[in-house]
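Visitor: Each protein sequence line maps, in turn, to chains S and Z.
Those letters in the first sequence? Residues 1 to 245, per this note's numbering, in order.
Those letters in the second sequence? Residues 1 to 427, per this note's numbering, in order.
Keep in mind that the hints were calculated from the coordinates and are not lab data.
Careful, some of the hints might be misleading.
No more than 16 Å apart at the CA atoms, straight line, and that leaves these computed lysine to aspartate or glutamate pairs for EDC-like [as the list claims (entries may be wrong)]:
hint, chain 1, residue 1, chain 2, residue 2
1, Z, Lys29, Z, Asp131
2, Z, Lys331, Z, Glu268
3, S, Lys106, Z, Glu356
4, S, Lys106, Z, Glu387
5, Z, Lys331, Z, Glu356
6, Z, Lys157, Z, Asp409
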Amino acid sequence: MSTLAIKNLHASVDGAEILRGIDLEINSGEVHALMGPNGSGKSTLSHVLMGRSDYEVTQGSVTLDGVELLGLPTWRRAELGLFLVMQYPVEVPGVTVGDLVTAALKVRGVATNGVGDLVAAEAGRLGVRDEFLRRGVNNEFSGGEKKRVETLQLAALAPRFAVLDEIDSGLDVDALRDVARRVEEMTSESDLGVLAITHYDRLLGELHPDWVHILLNGHIVRTGGPELAQELERTGYEGINDSPK
Amino acid sequence: MTNPFSPAAARAISGPSWLVKRRVDAAEKLATTAWPSATEEIWRYSRVDDFDPERYHPDPRPTKPETAPGGGPFAAEVGARAGLVVIHNGHVVHRELDDALAAQGVWLGDIADAEEKARERLGTVTDSSSDAFTLLHDGFMTGGACLHVPEGVVIEKPVVVVHWSEGDGAAIFPHTLLIAEPGSEVTLVERAASASAAKGMLVDAVVELLVDDRAHVRYVGVQEHGPQTWQIALQRAHLGREATLRSSAVALGGEYARLRSESILLGEGAESDLLAVYFGDGDQMLDFRTLQEHRAPRTRSDLLFKGAVEDNARSVYSGLVHLLPDADKAKAYQTNRNLVLTEGASAESIPNLIIEANDVQCSHASTVGPIDEDQLYYLETRGIPPEDAERLIILGFFDDVFDRLPVPDLVGSLRRSVIDKLERCTA
Numbered sequence: 001m002s003t004l005a006i007k008n009l010h011a012s013v014d015g016a017e018i019l020r021g022i023d024l025e026i027n028s029g030e031v032h033a034l035m036g037p038n039g040s041g042k043s044t045l046s047h048v049l050m051g052r053s054d055y056e057v058t059q060g061s062v063t064l065d066g067v068e069l070l071g072l073p074t075w076r077r078a079e080l081g082l083f084l085v086m087q088y089p090v091e092v093p094g095v096t097v098g099d100l101v102t103a104a105l106k107v108r109g110v111a112t113n114g115v116g117d118l119v120a121a122e123a124g125r126l127g128v129r130d131e132f133l134r135r136g137v138n139n140e141f142s143g144g145e146k147k148r149v150e151t152l153q154l155a156a157l158a159p160r161f162a163v164l165d166e167i168d169s170g171l172d173v174d175a176l177r178d179v180a181r182r183v184e185e186m187t188s189e190s191d192l193g194v195l196a197i198t199h200y201d202r203l204l205g206e207l208h209p210d211w212v213h214i215l216l217n218g219h220i221v222r223t224g225g226p227e228l229a230q231e232l233e234r235t236g237y238e239g240i241n242d243s244p245k
Numbered sequence: 001m002t003n004p005f006s007p008a009a010a011r012a013i014s015g016p017s018w019l020v021k022r023r024v025d026a027a028e029k030l031a032t033t034a035w036p037s038a039t040e041e042i043w044r045y046s047r048v049d050d051f052d053p054e055r056y057h058p059d060p061r062p063t064k065p066e067t068a069p070g071g072g073p074f075a076a077e078v079g080a081r082a083g084l085v086v087i088h089n090g091h092v093v094h095r096e097l098d099d100a101l102a103a104q105g106v107w108l109g110d111i112a113d114a115e116e117k118a119r120e121r122l123g124t125v126t127d128s129s130s131d132a133f134t135l136l137h138d139g140f141m142t143g144g145a146c147l148h149v150p151e152g153v154v155i156e157k158p159v160v161v162v163h164w165s166e167g168d169g170a171a172i173f174p175h176t177l178l179i180a181e182p183g184s185e186v187t188l189v190e191r192a193a194s195a196s197a198a199k200g201m202l203v204d205a206v207v208e209l210l211v212d213d214r215a216h217v218r219y220v221g222v223q224e225h226g227p228q229t230w231q232i233a234l235q236r237a238h239l240g241r242e243a244t245l246r247s248s249a250v251a252l253g254g255e256y257a258r259l260r261s262e263s264i265l266l267g268e269g270a271e272s273d274l275l276a277v278y279f280g281d282g283d284q285m286l287d288f289r290t291l292q293e294h295r296a297p298r299t300r301s302d303l304l305f306k307g308a309v310e311d312n313a314r315s316v317y318s319g320l321v322h323l324l325p326d327a328d329k330a331k332a333y334q335t336n337r338n339l340v341l342t343e344g345a346s347a348e349s350i351p352n353l354i355i356e357a358n359d360v361q362c363s364h365a366s367t368v369g370p371i372d373e374d375q376l377y378y379l380e381t382r383g384i385p386p387e388d389a390e391r392l393i394i395l396g397f398f399d400d401v402f403d404r405l406p407v408p409d410l411v412g413s414l415r416r417s418v419i420d421k422l423e424r425c426t427a
């Protein structure tokens, strides 16, 4: 079993502190939902975990099975088993999803002769049409196609932990269900640990989190079971006490 | 020193009398025309001020009757074909055409041997877009490829023209004349190269694409000239009613390689797509001037030029979309994207738009910059190190255009050239 442990994480953007001491521990096979209104620091957390250069970590640690990730380049964090499903996947003309998976597996020393079959099989499970495998990744894809292809890469690269940054934004009900179902299968088939960042409980109806955390002003202010999402649905974020527990 | 490009020099080159007369007329006009300078807008940023005609000599004869029979691997790499013309130093040295097409009246051969009805359309584009270099071209052209597709004839496989030029100081004037009569369809692929060892060559080329009413033409022009070759080329298409042109240019070679690419939409409903990809390295300069000129209603044009520069290379893209008063309900789009891969390299991008018609749709976009940070980050989040990610993004940038070329067999060779350039890059 693997553990992703976030301890007292503080981070700033352009000198403004956005994350003010996050503590969170995720084990293999668990699904954690992180909910919060716009500006609470949700997306910042996802990019800080992945090591995006425009975020400055001022305190704390993030370890994957005891290995400190902070200070490592993004690609090393991915190689060690962390995967970020982006809220806004970037268009890369002329680079297909197969090219990406091949390049990533090569770095890991994994044989790449089966990539075509692997990508085709995952495309089948996720309902991704062939033309989206031939085109540059995300190039003129709809919101749903982007998220299906993000999930396809997640499945093909089989990391230990996945951060889903608003995977539910910009996609229709069918795509949401297909994507959530595939992620849920990975939690049981390959023990994937999941941090699902969202501000709607629509996703959680499909993904069935074990834990729900509420992020306000850079702190996790409440942690509970799935019932917390339902409470939030009733009260809104205004009803949540924003002092850290 | 005597002028190597005088009317007397033009007269001295052999050929049929009509061609000699045409040459002399042009050379006489040239004698009273000043060479352009970089102070003129159309030559801004160019290297034209370094041009010295006395460095070159006209009509270098092929050293051997035919260095590569049938164009050799250079032609073979283009893939299956319906016909082939091989041009060595501006002289046609080989031609072949599918018998069935010849029986349908298709004519492929040397312009110098072309029949009257093709000959009378020779010079259509140079006459309407002339400058000192088209006069120089007309004054010293020794022939060239002529493809005449009669009304309604459809040619499935591409017709291939290969140009091979060599010789220190040689000035070569390749000419291509495509006449696609009403309702015909054809794909013409031209591949040009010059010897990498040749010192100081000049290739002054003209491509005329006459796309008559309802004709559909696909054209691919690839230049892989040697590092000491200057290319100054004009490619111009005249499109009739409901005619379509899908043109692609690939520019990889040359010391200074300039292409004027012009599409004139003369007939209602005509459509033109201009695509180009270029990659400069070392001290190369690649220079593009484009024109999408709409003269009729409901015409559509789309342009996508994508290029990269590395080392100390430079590129220029200057493009004009011009919608004349008759071009109601026209649509015109223009996009130029440049990747600047090293600090010493630079790219200029100047899109222009003149609208004199009503109810039109136009857009233009241009970008110049290094590899996109967001793309790099995206690839890194998949576990791809930055050096690998950069290479993938650059190759993808080119593949995005290569994948649209109507000659898939040639893509492997073009990709190898791109990879060679990337590997040569020192920065």
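Visitor: Next, verify each hint and record whether it holds.
Guide: Right, here's what the structure says about each hint:
With a C-alpha separation of about 10 Å, the suggested pairing of Lys29 (chain Z) with Asp131 (chain Z) holds against the 16 Å cut-off. A distance of roughly 12 Å separates the Cα atoms of Lys331 (chain Z) and Glu268 (chain Z); the hinted pair therefore holds under the 16 Å criterion. Only pairs whose Cα atoms come within 16 Å are accepted, and Lys106 (chain S) paired with Glu356 (chain Z) is rejected, the gap being roughly 55 Å. At most 16 Å may separate the alpha-carbon atoms for a hinted pair to count; Lys106 (chain S) and Glu387 (chain Z) meet this at roughly 14 Å.
Between Lys331 (chain Z) and Glu356 (chain Z) the CA atoms are separated by roughly 13 Å; this keeps the pair inside 16 Å, and the hint holds. Between Lys157 (chain Z) and Asp409 (chain Z), the direct Cα distance comes to roughly 12 Å. Compliance with the 16 Å bound is thereby established for this hinted pair.
Hint 3 from the earlier list is the only one contradicted by this structure; the remaining hints agree with it.
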